[in-house]
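Using the sequences and the accompanying hints, generate a full structural model.
Listed here are the chains, written in short residue letters.
Protein chains: 2
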Amino acid sequence: MLARALIERKRDGGRITPAEWRSLMSRYAADEVPDYQMAALAMAIYFNGLDRAETVALTDAMLHSGAMLDLEHLTMARVDKHSTGGVGDKVSLVLAPLVASLGVAVPMMSGRGLGHTGGTLDKLESIPGFRTDLTLARATEQIERLGCALIGQTREIAPADRRLYALRDATATVESIPLIAASIMSKKLAEGLTALVLDVKRGSGAFLPDLDRGLALARTMIELGADHGCPVVTLLTAMDRPLGRACGNTLEVEESIMALRGDGPPDLMAVTYALGAEMLVLGGVAANRDDARRRMEVAISSGKAAAKFQQIIEAQGGDPRVLDDPSLLPQAAECELYLAVQDGVVAQVEPRAIGRGITALGGQRTKVEDGVDHSVGFVVTARPGDVVRAGEPLATVFARDRDGIALGLAALRESLRIAEEADPPLPLISHRVTEAGVELWE
Amino acid sequence: MLARALIERKRDGGRITPAEWRSLMSRYAADEVPDYQMAALAMAIYFNGLDRAETVALTDAMLHSGAMLDLEHLTMARVDKHSTGGVGDKVSLVLAPLVASLGVAVPMMSGRGLGHTGGTLDKLESIPGFRTDLTLARATEQIERLGCALIGQTREIAPADRRLYALRDATATVESIPLIAASIMSKKLAEGLTALVLDVKRGSGAFLPDLDRGLALARTMIELGADHGCPVVTLLTAMDRPLGRACGNTLEVEESIMALRGDGPPDLMAVTYALGAEMLVLGGVAANRDDARRRMEVAISSGKAAAKFQQIIEAQGGDPRVLDDPSLLPQAAECELYLAVQDGVVAQVEPRAIGRGITALGGQRTKVEDGVDHSVGFVVTARPGDVVRAGEPLATVFARDRDGIALGLAALRESLRIAEEADPPLPLISHRVTEAGVELWE
Numbered sequence: 420m421l422a423r424a425l426i427e428r429k430r431d432g433g434r435i436t437p438a439e440w441r442s443l444m445s446r447y448a449a450d451e452v453p454d455y456q457m458a459a460l461a462m463a464i465y466f467n468g469l470d471r472a473e474t475v476a477l478t479d480a481m482l483h484s485g486a487m488l489d490l491e492h493l494t495m496a497r498v499d500k501h502s503t504g505g506v507g508d509k510v511s512l513v514l515a516p517l518v519a520s521l522g523v524a525v526p527m528m529s530g531r532g533l534g535h536t537g538g539t540l541d542k543l544e545s546i547p548g549f550r551t552d553l554t555l556a557r558a559t560e561q562i563e564r565l566g567c568a569l570i571g572q573t574r575e576i577a578p579a580d581r582r583l584y585a586l587r588d589a590t591a592t593v594e595s596i597p598l599i600a601a602s603i604m605s606k607k608l609a610e611g612l613t614a615l616v617l618d619v620k621r622g623s624g625a626f627l628p629d630l631d632r633g634l635a636l637a638r639t640m641i642e643l644g645a646d647h648g649c650p651v652v653t654l655l656t657a658m659d660r661p662l663g664r665a666c667g668n669t670l671e672v673e674e675s676i677m678a679l680r681g682d683g684p685p686d687l688m689a690v691t692y693a694l695g696a697e698m699l700v701l702g703g704v705a706a707n708r709d710d711a712r713r714r715m716e717v718a719i720s721s722g723k724a725a726a727k728f729q730q731i732i733e734a735q736g737g738d739p740r741v742l743d744d745p746s747l748l749p750q751a752a753e754c755e756l757y758l759a760v761q762d763g764v765v766a767q768v769e770p771r772a773i774g775r776g777i778t779a780l781g782g783q784r785t786k787v788e789d790g791v792d793h794s795v796g797f798v799v800t801a802r803p804g805d806v807v808r809a810g811e812p813l814a815t816v817f818a819r820d821r822d823g824i825a826l827g828l829a830a831l832r833e834s835l836r837i838a839e840e841a842d843p844p845l846p847l848i849s850h851r852v853t854e855a856g857v858e859l860w861e
Numbered sequence: 420m421l422a423r424a425l426i427e428r429k430r431d432g433g434r435i436t437p438a439e440w441r442s443l444m445s446r447y448a449a450d451e452v453p454d455y456q457m458a459a460l461a462m463a464i465y466f467n468g469l470d471r472a473e474t475v476a477l478t479d480a481m482l483h484s485g486a487m488l489d490l491e492h493l494t495m496a497r498v499d500k501h502s503t504g505g506v507g508d509k510v511s512l513v514l515a516p517l518v519a520s521l522g523v524a525v526p527m528m529s530g531r532g533l534g535h536t537g538g539t540l541d542k543l544e545s546i547p548g549f550r551t552d553l554t555l556a557r558a559t560e561q562i563e564r565l566g567c568a569l570i571g572q573t574r575e576i577a578p579a580d581r582r583l584y585a586l587r588d589a590t591a592t593v594e595s596i597p598l599i600a601a602s603i604m605s606k607k608l609a610e611g612l613t614a615l616v617l618d619v620k621r622g623s624g625a626f627l628p629d630l631d632r633g634l635a636l637a638r639t640m641i642e643l644g645a646d647h648g649c650p651v652v653t654l655l656t657a658m659d660r661p662l663g664r665a666c667g668n669t670l671e672v673e674e675s676i677m678a679l680r681g682d683g684p685p686d687l688m689a690v691t692y693a694l695g696a697e698m699l700v701l702g703g704v705a706a707n708r709d710d711a712r713r714r715m716e717v718a719i720s721s722g723k724a725a726a727k728f729q730q731i732i733e734a735q736g737g738d739p740r741v742l743d744d745p746s747l748l749p750q751a752a753e754c755e756l757y758l759a760v761q762d763g764v765v766a767q768v769e770p771r772a773i774g775r776g777i778t779a780l781g782g783q784r785t786k787v788e789d790g791v792d793h794s795v796g797f798v799v800t801a802r803p804g805d806v807v808r809a810g811e812p813l814a815t816v817f818a819r820d821r822d823g824i825a826l827g828l829a830a831l832r833e834s835l836r837i838a839e840e841a842d843p844p845l846p847l848i849s850h851r852v853t854e855a856g857v858e859l860w861e
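Chains as they are written, first to last, in our numbering: chain P, 420 to 861; chain G, 420 to 861.
Please keep in mind that the hints were generated in silico from the structure rather than gathered at the bench.
Fair warning: there could be bad hints in the mix.
[Unchecked claim] Each pair of labels, with its calculated beta carbon distance range:
1. T853/P with E451/G: 43 to 53 angstroms
2. S623/P with A472/G: 27 to 37 angstroms
3. R832/P with D489/G: 56 to 66 angstroms
4. P453/G with H492/P: 52 to 62 angstroms
[Said to hold, decoys possible] Stretch-level coverage of chain P by chain G, calculated; a stretch enters the list once three of its residues show a Cβ under 8 angstroms from a Cβ in chain G:
5. 426-435
6. 458-466
The C-beta atom is built at its ideal place from N, Cα and C for all residues, glycine as well.
Below, the structure written as C-alpha cells:
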C-alpha cells in the first residue's frame with residue numbers, strides 16, 4: 420500500500436519525492452486514498468514538516484489535481500492579495516477594485532468565514548443578488564473585460580487541496596506552515612498570477628498570533644512563489660485589534676464603500692494602500708510605492724475605484740445601486756450602543772471575542788453548512804490607547820432581536836478593557852518580507 | 420467537535436482524561452467518531468505518547484467497549500501468555516495444554532498472522548475441522564470443563580480495539596508503545612485473567628527489534644497490569660533466528676505435537692518451560708520455578724499434556740487423531756532440501772526472510788481477507804553458529820508446486836548466510852521483567 424509507506428517515511432523524518440506527491444494527491448482527489456491515511460500523514464507533517472522541495476511538489480500536485488484560470492493571453496499583469504484572515508479585515512473589497520481600476524488584473528478567489536474570522540465571499544453576498552459561484556469561463560471573460568472577478572474556489576480548482584483543507588480542519592492539522600503555504604499557493608497559482616501580495620496578520624486575533632510563525636509562513640510562501648516564477652511580497656500587519664471599525668458582513672461592505680469613496684478609517688486605508696502599492700509595483704504600472712500611492716489616491720478621489728466596484732457588482736448579478744445607497748444591504752432590526760463603564764484608557768479591543776460575538780449573533784458559520792445572517796455585527800469606534808470617560812459610546816451592536824443585542828453586549832464586555840494605562844498596540848504594519856529578506860516597516 | 424479538541428490537545432502535548440477516553444472510544448466503537456480523526460489522534464500519540472493514567476484509561480475504554488469472558492466463579496487461577504510475535508513461534512500450542520493440564524486455566528485469545536509473523540489461529544486451523552470462532556458462552560463452558568480454550572478475538576470483545584488496530588495498520592501508527600500495550604491489555608483483560616505472562620521478542624525478526632523498546636513495552640504492560648490487579652511477568656527472548664525448526668502452519672503443529680510428546684527442539688522447550696514456569700507460579704500451583712519445571716516435565720513424559728491438547732482439539736471440532744498421526748494435517752505436494760553452498764559457520768538465519776518466504780508460498784496473509792495454504796513452509800535445521808560443509812542440508816522447503824519450491828529456495832538463500840566466522844546470536848532468554856524491576860536471565 421503506497422500511502423502507508425509514505426506515512427511511515429514522513430513519520431520517521433524522511434522525504435517524499437515529487438513523483439510520489441503527484442501520485443498520492445491525484446489518487447486522493449480521485450478518492451482512491453482514504454481520508455484516514457491522509458489525516459495520519461497530515462499529523463506526521465505537522466510534527467516533522469516538509470522541506471522546500473517537498474512543499475513545492477505538494478503545491479504542484481494539488482494545483483494539477485484540477486483546472487486553472489487561463490489568463491496567459493492577457494497583456495495585463497495579474498496580481499492578487501491573500502490575507503491569513505482577521506476580524507474586520509475587509510481589505511479585499513477595497514483593494515481589488517482599486518488595483519483593477521489602475522490597470523492590473525486581480526483574479527481574486529476567496530474563501531468563506533469559518534471560526535472567528537470572516538470570509539470575503541460572505542461579505543460580498545450581503546450585496547443583494549451578488550453571485551460568487553462563477554464558472555471559470557465566465558470569470559475569465561469578466562477579468563478580460565473588467566480586470567477583476569471576485570469568486571469562490573470552484574470545484575474545478577485544486578480539488579485535492581479542497582478535500583485536504585476540510586480534513587485538516589477536522590483533525591487539528593491546520594497549523595502547519597508548509598501545509599498552509601501549499602494550500603494557499605496551489606489556489607493562487609491556479610489563478611494564473613504573475614505576482615502575489617500576502618498580508619500575514621499577527622497578534623491575538625490572528626490565525627498565527629506569533630511573529631516568528633508569521634515570518635516563517637512569509638518565507639515559505641516567498642520560496643514557493645520563487646520556485647514557480649511568481650514573486651511574492653509579504654507585509655506583516657496587526658490583528659491585536661479589529662481592522663477598521665465595522666465587523667460583520669453588511670457593515671463591512673458599507674465601510675468598504677465608504678473607503679472607496681474616500682471616507683475609510685485611517686488604519687484600513689493605510690493597510691489597503693500599503694498592499695496596493697506592492698501590487699501596482701509588482702504589476703509594473705507604478706514606478707515605486709510612492710508613485711503607486713499617489714495613483715491610488717487619485718483613483719479614489721476621482722471615483723474611478725468606486726465605479727470599478729460598481730461594474731464588478733453589476734457583472735456578478737449584484738445590485739449596483741448599493742454603491743450610492745448602502746441601505747439597500749440587509750439591515751439589522753435592532754441596534755444598541757455599548758458605553759464605557761468607567762473613565763480610563765482603552766487597553767484592549769480583543770478581536771477574537773468580537774469574532775466569536777459575530778458568530779453568536781448568527782453572522783458567521785460554526786459549520787460549513789450553516790447559513791449566515793449578513794445584517795448583524797459590530798461597529799467598534801474605540802481604538803486601543805483612546806482616553807474615554809464613563810458613559811461615552813465605544814461601539815454599537817447590530818442584531819436581529821433583543822437576545823442578539825444581549826449576546827453582542829456580552830461579547831463587547833469580553834473584548835473591550837478600560838484601564839488606568841495601556842501598553843502600546845502592535846504597529847499597524849511591522850515588517851515587509853521579500854526574497855531579499857525581512858525589513859522593518861518605517 | 421469533541422474529537423477535534425482532543426486531537427489538538429494531544430498534538431500539543433496535553434493529556435486526555437479518563438472520562439474523555441471513555442466517551443471517545445465508545446463513540447468510536449459506535450461509528451460516531453470517523454476514522455480520519457482517530458488516525459490523526461493515533462499519529463499525535465505516536466509522537467507525544469500517553470502517560471500511565473492515560474494508557475490505563477484508554478485500555479479501560481477499549482475493554483468496556485465490548486463484552487468479557489465471565490470466569491469470576493472459577494476457583495482455578497486464569498493465566499494467559501502473550502507473545503509480540505515471531506517466525507516459528509509455536510509456543511502457545513505447546514504451552515496452553517501443558518499449563519492447563521497442571522490445573523491453571525488458560526483462556527487463550529489469539530490473532531491471525533499478518534505481515535511476516537504467523538498467527539496461532541492459522542496454525543490451529545491446519546488441524547482438520549478445528550474451529551476457533553467459538554461464542555463466548557461456549558468458550559466459557561469449555562474453560563470450565565477442560566481448563567482451556569483456544570479462540571479468536573470475537574466481535575463482542577473490545578470492538579474499539581479491533582477497529583483501532585486495523586486503522587493503525589493502515590496509517591503507520593502501530594509502533595507506539597502505549598497503543599500496543601493498551602491494545603494487548605484490553606483483549607487480555609477481557610479474558611478475565613488473574614495474571615499474564617508476556618513474551619517480548621527482540622532481534623531482527625521481532626516487531627520491536629530494539630532491546631530498549633522491548634523493555635519499555637514490558638514496563639508499560641506491567642504497569643497496566645498492576646493498575647488492573649493483574650500481575651504481569653515478562654521475558655525477553657531472541658527473535659534474531661526462528662524459534663524451533665518448523666516455520667509454517669502444518670509444520671509448526673507437527674513440531675508442537677512432537678514437543679508435547681517430549682521430542683521438541685531444545686530452544687522451543689527452553690522458552691516454553693520458562694514461560695510455563697511463570698504461569699504456574701503466578702497461578703499458584705507451583706511453589707517456585709524449579710518446582711514448576713519438574714511438574715511440566717512430568718506432564719509431558721506422562722502424556723498428560725498431549726492428552727489435554729487432544730481433548731481441546733476434540734472439543735473445538737478438530738480431528739483428535741492428529742496427535743497420533745500428524746500426516747492427517749494438510750501435506751505439501753512438493754518438498755526439496757536446501758544445501759550449504761560452501762564450508763563455514765552459519766552466521767545468520769534471518770527470520771524476516773523466512774517469514775516473507777512463507778507469505779510468498781501462500782502460507783500467510785498480506786491482506787486480512789486472503790486465504791492461507793496451511794501445508795507450506797520451511798523446516799530449518801541449521802542454527803547460527805553451526806559448522807557446516809558444502810552440500811550439507813540446512814533446511815527443507817515445503818510447497819504446493821515447483822514454482823513454490825523456487826520461491827522457497829530463494830527465501831532461504833536470502834535468510835541463511837555462511838561465513839568464516841559468526842558473531843554469537845542473542846541469548847535465547849535475556850531478561851526477566853517484573854514489577855520489582857529488570858533482572859538478567861541466568
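Taking the hints in turn, this is what the structure says about them:
T853/P and E451/G have their C-beta atoms about 49 angstroms apart, which keeps the hinted 43 to 53 angstroms range intact. Distance hint check: the CB atoms of S623/P and A472/G are about 33 angstroms apart, consistent with the given range 27 to 37 angstroms. Evaluation of the 56 to 66 angstroms hint for R832/P and D489/G yields a pass: the beta carbon distance comes to about 57 angstroms. Remark: the range hint 52 to 62 angstroms for P453/G to H492/P is contradicted by a beta-carbon distance near 44 angstroms.
Residues of the stretch 426-435 of chain P with a Cβ under 8 angstroms from some Cβ of chain G number 3, which satisfies the need for three, so the listed coverage holds. Proximity of the stretch 458-466 of chain P to chain G, defined as three or more residues with a beta carbon under 8 angstroms from a beta carbon of that chain, is established by the 7 residues found.
Comparing the model with each numbered hint stated earlier shows that hint 4 is the single one that does not hold.
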